[in-house]
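For chain R, the structure is supplied; the task is to place chain F on it using the hints.
Residue numbers (the UniProt record's numbering), protein chains in the order written: chain R, 1 to 277; chain F, 1 to 277.
Don't read these hints as lab results, they were simulated from the structure.
Nothing here was measured: the structure is a model prediction, and the numbers come from that model.
Not one of these hints is a red herring.
Simulated restraints on C-beta separations: (1) F:D105 / R:E26: 16 to 22 Å; (2) F:G35 / R:T93: 26 to 32 Å; (3) F:E139 / R:E63: 48 to 54 Å; (4) R:G35 / F:P61: 31 to 37 Å.
Derived pair list, reagent style EDC-like, types lysine to aspartate or glutamate, alpha-carbon separation capped at 16 Å: (5) F:K89 / R:D105; (6) F:K213 / F:E41; (7) R:K89 / F:D105.
Chain F side only, calculated, beta carbon under 8 Å to chain R, not exhaustive: (8) R88; (9) P107; (10) T119; (11) L261; (12) R266.
No residue lacks a Cβ here, since even glycine has one placed at the ideal position from N, Cα and C.
Protein chains: 2
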Amino acid sequence: MDARRPDGEQAMSGFEAATAVKRIGEGRYEVDLDGDFGFAEALNGGYLMAVLDRAAVDASPHEHPVSTAATFLRPAKPGRAELLVDARKTGRTAATSLVSLVQGDRPVVEALITTGTLTGAAEPVFAGPAPAADVPPLEECTSMLPAEGTEGFAGQVDMRFDRSTMGWLDGTPSGRPEIRAWFRLRDGYAPDAFSLALAVDALPPVALNLGSKGWAPTVELTWHMRAVPAPGWLAVHGTGRLLSDGWFDEEVEVWDSAGRLVAQSRQIARVGTGARK
Amino acid sequence: MDARRPDGEQAMSGFEAATAVKRIGEGRYEVDLDGDFGFAEALNGGYLMAVLDRAAVDASPHEHPVSTAATFLRPAKPGRAELLVDARKTGRTAATSLVSLVQGDRPVVEALITTGTLTGAAEPVFAGPAPAADVPPLEECTSMLPAEGTEGFAGQVDMRFDRSTMGWLDGTPSGRPEIRAWFRLRDGYAPDAFSLALAVDALPPVALNLGSKGWAPTVELTWHMRAVPAPGWLAVHGTGRLLSDGWFDEEVEVWDSAGRLVAQSRQIARVGTGARK
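Same shape as in the complex, but just chain R (with noise of 0.2 Å):
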């Protein structure tokens, strides 16, 4: 990892550092949880997943976690935790391990990630369309950094808001499971893998747009990495299809600055208190 910044000089970027895994044996690396990429109930859980590529990733031949299938278990915690990182297969394209993310000899997240290689360079065989609704420019969306300055972990993650899907703010919730936004680290971090393991969980939850309250506990995401995003601001389009039994799914797609679906996801959550009022 070069920690170099263009202008020589030497410095860990807040997203670089609060992610960084230090190998402390065949299959096992240590990391320093930062409480800035989270919020009161827990660590963000795309901030984990992120945590989680960097050892598969060190851990592979290959360099992209073209899909991570991550499972959360408990909260995860500020501070030291270990890694597992469990080779399962090792192939010439691909290569799969079981990673787990274990804090006080408890399991917190478990993740089974396959690396790949993306090229970056071929042009698509095939590419769906852009979602539906723009995120609006930059200018007329809004941001939600607290007043009081840089904690936390809008202090970190820079997101302007698309403002028609955030009513549930001022409750006004829209009735349509939908939030957009511009996303970017306000440490200058360039787009990678890494970043867009953070960008496919760093939405509030879709369900508030519901009238579901609260923090939404994500039991299940899957993300796929589908290209090397370009420099500059992602868009990240939130959606959802059902809030039912207590559960609902959010589907997320993050595209670059070059217009291209760089990554996608889905991920099933418990409702926060107050969605079935």
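This is chain F only, laid out in the frame that chain R set:
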């Protein structure tokens, strides 16, 4: 598992027998994989997931495989295989285990499976619209049953395809990554969690309609059970977003005869030979 039919006659149906798992120890099961649920290249991935889901549910206090995230490492062959179920967390509303299908001492499929209990009673808080295109009425659809009768996958699974999505069969792929079909098991097995696992991977690869040829090995498939399906035909809607760099995604929604979304999946697969022509 009750193998008695309502008519009192004891008979385990084709699908029930083909997916039956026998507990042989703590977290250990064996299964006799049935070659009729496969093709020359390998057994069907949905069939294998049904087997893994049966083992996960048997070992869990919960009834339904709400989330199954499966990675396919090697082709499975007909005959004996062993299942290892490693409980990772057992909670009040959900339980997660890692389930491995092992054949000849090698892992063939690995899955993180979260079980829960869907009540089937509550009205959804939100249900998205049905897919844009209906599957046409049965009598307008086409079957792929081979002339010689009921051997193999098509002899077990009765699918009636929307002709407009089957142009690839006679060399005129539509150019749209879509395949739609009605689905049921020929033996009369009623829709349930395990037949949904089969249904989400029963369609021919949607990439065939993009000029892709031949077998498209699934690398990863995650499916979510969203409701207990009603009796009758299932409508299976397959689409895709991107075929690039040798990878393509396929999304499947399964709707039951009561018009409810009962399962949703996404898989990522390698394209078959010929796609890059």
